[in-house]
Every structure is written in structure tokens, then in C-alpha cells.
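Protein chains in written order, with our numbering: chain A, 47 to 187; chain B, -16 to 338.
Do not rely on the hints blindly, as some may be mistaken.
[Unchecked claim] Below, in silico cross-link-like pairs of lysine to any residue (SDA-like), each with a Cα-Cα straight-line distance of 25 angstroms or less: (1) B:K248 - A:T165; (2) B:K248 - A:G112; (3) B:K245 - A:K66; (4) B:K248 - B:H268; (5) B:K245 - A:L116; (6) A:K66 - A:R49; (7) B:K245 - A:R109; (8) B:K245 - A:V110; (9) A:K66 - A:A115; (10) B:K248 - B:V156; (11) B:K245 - A:P98; (12) B:K248 - A:A129; (13) B:K248 - A:Q87; (14) B:K245 - A:R95; (15) B:K248 - A:K66; (16) B:K245 - B:V203; (17) B:K245 - B:P282; (18) B:K245 - B:A297; (19) B:K248 - B:P282; (20) B:K248 - A:H122; (21) B:K245 - B:G294; (22) B:K245 - B:Q206; (23) B:K248 - A:A97; (24) B:K245 - A:R49.
[To be verified] If the Cβ cut is set under 10 angstroms, some of the chain B residues that face chain A in the computed set are: (25) G154; (26) P255; (27) A258.
Worth flagging that the hints you see were computed from the coordinates, not collected in a lab. For glycine and all other residues, C-beta sits at the position ideal for the given N, C-alpha and C.
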Amino acid sequence: MSRLDEFPPGERRIVEAGRKSIGVFRVGDRFYALNNHCPHQGGPLCLGRTAPWVRSTAPGDYRVDGDHALVACPWHGWEYDLATGQSFLGPGEPPVRTYGVSVGAREAGREPGPYVVETYPVHVEDAWVVVDTATRGEESA
Amino acid sequence: MSAPALTGWVDTDVHVAPAHLDVLAGSFDDYWRGYVVDAGLALSPTQAGAYPPAAPTSATPQARAAGLLPAAGTVDALREALLDPAGLATAVLSCTSAFPVNRNPYYEAALTRAVNDWLLGHWLAAEPRLRASIVVPTLDTRAAVAEIERVGSHPGVVQVLLPVRTDAPWGNVRHRPVLEAAAAHGLVVGLHAWGRVGHAGTPSGLTHTYIEDYLTNSQVAAQAQLTSLVAEGAFAAVPELRVTFLECGFSWLPALLWRFDKDWKGVWREVPWVAGRPSEIVREHVRFTTAPAALPQDPARIREVLELLGGTDALLWASDHPHDHGPGGQWLLDALTDDERTAVTRDNAVAWYGL
């Protein structure tokens, strides 16, 4: 979908693959690809802000933990893990549907939410960034 | 509202007030006795408009007939008007006379000390059914902590009473030592309706009618304070902190907490120490007295409100004597099961205040 040297860290591309719109994100040297469709109400998820996790041990204590790992839908702010597509809710709120995602994913008081965005493997091949939409695309078709 | 008819209840908001500043003069040192005279200070009989004499909300007909405005000033008057006829096991006293004091922080400290000496010396020493909420200065955090340390270990003291209207919300970090001191002494922090004179009751500015002012306590000030305490991490910083909202209502909770939970999911990053749903934090750390109870009359609809509240665990019975907020509190009791009524009128308060 792009030459590697034309896709610097911190940027994203929205690409069309058949009828699908897919957001590809470069965070440092890692690439993530998600379906550009928020499972909540169909918003353009991949146009939203990305952000890192923030940890806290007490009021006034903030610690940014790692690189940007979340993208928030611009419509209602639902946040999704860039790597797994998992949404997050508060603790004690069971997901409406369960998915094969580890329950150990509880983060900063938040537990996996009801939604999982479709994600796609991204590879770098011969200086090109390649998004593999075949595997899961075929499954969902 | 009529006094509760069963024996053994705990009334968590019973007002008392010194009839005149002279009642407290014995607790002032020479400087403050002179200051009071020189400045022409008095205790406001309406508590600066909080309880206008003719407003139906200011006193029940019985309390009005007995002359208990703004509140009972002697133990005998309170026994006759409430403790004996209601057969109360315990009454937690609220004295809000120092809330509308002037802005001199040193006078405020002297006045709150005097009120506490009066509560312990005049009331608790004379009547074993009584427990006290102490008052503390709101303009000087260190003085407030010192006052909690001075009288907070008295066995009859169960609560530190703070006005729900303040210069800065109680969750603000500048107030944290007061909350810490209360928790360290095993005391509940009570946020009670009304507060400082000249303070805008609403964020949109000063009100100029009593009805706006009255509604502000429950519909604006209390909700802002509750939001502040949770969002600013007061309960995260002071895990033992317990807060009671007095004379501020409770039926507004479901709407506030639904929105609070929802928005927290989106903007949690700003308050990462809020490590759980706000509604869960409130459920664990906060209680509400039952007067005023803004409720529909139909018991079936009251059950719907209780369902939205998640039950009756957060409710503490209060007559709010001598004030009169209408029959909502009685409607609430009428809609409860026997077990729920026992919890609301006694057991919840016994557990919360360690009675």
C-alpha cells in the first residue's frame, strides 16, 4: 500500500481494499492495520486520535506508558487497541459478546469492552508496506 | 414532616443552633469577645437567608409552634420536640450556624471552635442519644486540621461537617489534608447544604431568589462536589474516606452517575487515578440523607427510582429537624420493604457512623 520511505513514523494512511476502508498506522517501526469502521455505530474509526496508555499511582501522578497504542473513534470516543482491535470499558462491565481476547487485558482500571475491530497483518517486504487483507477478509466475506 | 413513629431509629441530620452569639461567648478568648462587640457581629437568625423565617421549608408547623427557629437551642427543647416523641436511638447533630461567617479566617476558626465546644459541652455531655458533627474553618486548611485534631477523638464525634458551597470544590487538592485528617480520626466527612455568604451558588453567577438558592444545594452544588471528589481522586488518595451528603437530596444520582460513567470511559486519560467506574466509587464511599427526598408519590414509581439507585444501601434516614422538605421522606419509607426500612432508618447509619 505504500513505499516504506514514504510512510514515516507517526503517520497513517487510509487505503481502500475492495469495498473495505482500512487504516494503516506506523508507530515507531511497528505497523498496525484496522478496519476503518467503528463497531459501535459505524464511525470512521481510523480518522481518530491515537494515544498511549497513561498510568497513575495517585492523583496528580501521570506516567505515559510506551508508544501510542490506542485509537479513539472520532464519533463517540470509543478506544481500541491498535494491535488487537479490542475496545475497553470500565471494570465490572462484561462485554456484550465475548471474543477470543485474553481477559488479562485489563488496563488502568478498564476491562475489555464489547467490540473488537477487525485487524490485518502488516509486513514490510522489499521496502514496501504490505497489508494482508486476504486471510481475515476471506473469513468475514 | 412528622417525626418518625417507630422506636430505635437513627436520625442522621438533626439541626441545633445557638440562639445568640452570647451562648458561645464563653468559648471565645478576650480578643474575639472584643472583636464581636467592636464589629457588631451576630449569628444570623436565618443563617444568611438559608432558612427564611416564613418559608415553609424552614420549619415544620410543630417546630414553628415550638419556636424552634432556626433550630433547637437547648437539650430540653430537642428532647421534647424530637428525641422523645420519635423514640430515637441516636441523633446526629448538625450545627450550620458558622457556615455563613464573615471572611476573616481567624474569626472563622474561633467561631468553629466555639461551636464545637458548645456541641460537646452543652449537648453531648447532657444527652447520651446525641452524636456530633464538628465544624471546621473553610478558609484555613491548617486550622481545620488542627480543629479535627483538637476535638475529633471525642467519642461522641462522628462527622466533620463542611458546607456544600465553598470557594473551591472539596475534591481540590488544596483541601486534601482536611479529608485526610477526618479519615485518620475515623470520622465521616459530611457535606451539608448551604455555605458561605456572598458565594455564587451556581457557576453561572449569583442568585437573587430563595427558590433558586434552595434548589442550588441539591441540583448544582452537591452534584459539583460529588463530581469533584471522584474526579480529583479524593477517594483514590484517601481510601478510608467516607462522605455523607446532608440535606442535598439523592434522587438526582442516577442521571449524574450514568453520565459520569459514560464520559469517564472517553476521557479517563485526564484522570487515570479514577481506577473504576465513578458510580462504583460513589457506591463504596458516599451516602445520602433522605431529606429532602424529591420523589414521586406513587410507590411503584419510587421503586423505579430505587432500582436506578441500585437499592437503598446509600440512604440514611434524616428528619432534618426542624426543616420541612415535604412528605417525600415518608413516601420513601412507605415504599420500602421491612428489611429496607430497618436498614435505611437504622442499620445503614449504625454501620456508616460506627454507632
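Do the hints match the structure? See the list:
1. B:K248 - A:T165: Since the Cα atoms of K248 of chain B and T165 of chain A sit roughly 22 angstroms apart, the hinted pair holds (cutoff 25 angstroms).
2. B:K248 - A:G112: 20 angstroms, holds
3. B:K245 - A:K66: Status violated; Cα separation ~30 angstroms.
4. B:K248 - B:H268: 20 angstroms, holds
5. B:K245 - A:L116: The hint holds at about 18 angstroms.
6. A:K66 - A:R49: This hinted pair holds, its Cα atoms lying about 21 angstroms apart.
7. B:K245 - A:R109: 23 angstroms, holds
8. B:K245 - A:V110: 23 angstroms, holds
9. A:K66 - A:A115: The hint holds at about 23 angstroms.
10. B:K248 - B:V156: 23 angstroms, holds
11. B:K245 - A:P98: 20 angstroms, holds
12. B:K248 - A:A129: Given that 25 angstroms is the threshold and the Cα spacing comes to 20 angstroms, the pair holds.
13. B:K248 - A:Q87: This hinted pair holds, its Cα atoms lying about 16 angstroms apart.
14. B:K245 - A:R95: Since the Cα atoms of K245 of chain B and R95 of chain A sit roughly 19 angstroms apart, the hinted pair holds (cutoff 25 angstroms).
15. B:K248 - A:K66: Not OK: K248 of chain B and K66 of chain A at ~28 angstroms, beyond 25 angstroms, violated.
16. B:K245 - B:V203: 20 angstroms, holds
17. B:K245 - B:P282: Distance ~29 angstroms between K245 of chain B and P282 of chain B Cα, so the pair is violated.
18. B:K245 - B:A297: 21 angstroms, holds
19. B:K248 - B:P282: Roughly 34 angstroms separates the two Cα atoms, so the pair is violated.
20. B:K248 - A:H122: 10 angstroms, holds
21. B:K245 - B:G294: 21 angstroms, holds
22. B:K245 - B:Q206: 16 angstroms, holds
23. B:K248 - A:A97: Roughly 14 angstroms separates the two Cα atoms, so the pair holds.
24. B:K245 - A:R49: 41 angstroms, violated
25. G154: 9 angstroms, holds
26. P255: 4 angstroms, holds
27. A258: Holds. Min distance 3 angstroms.
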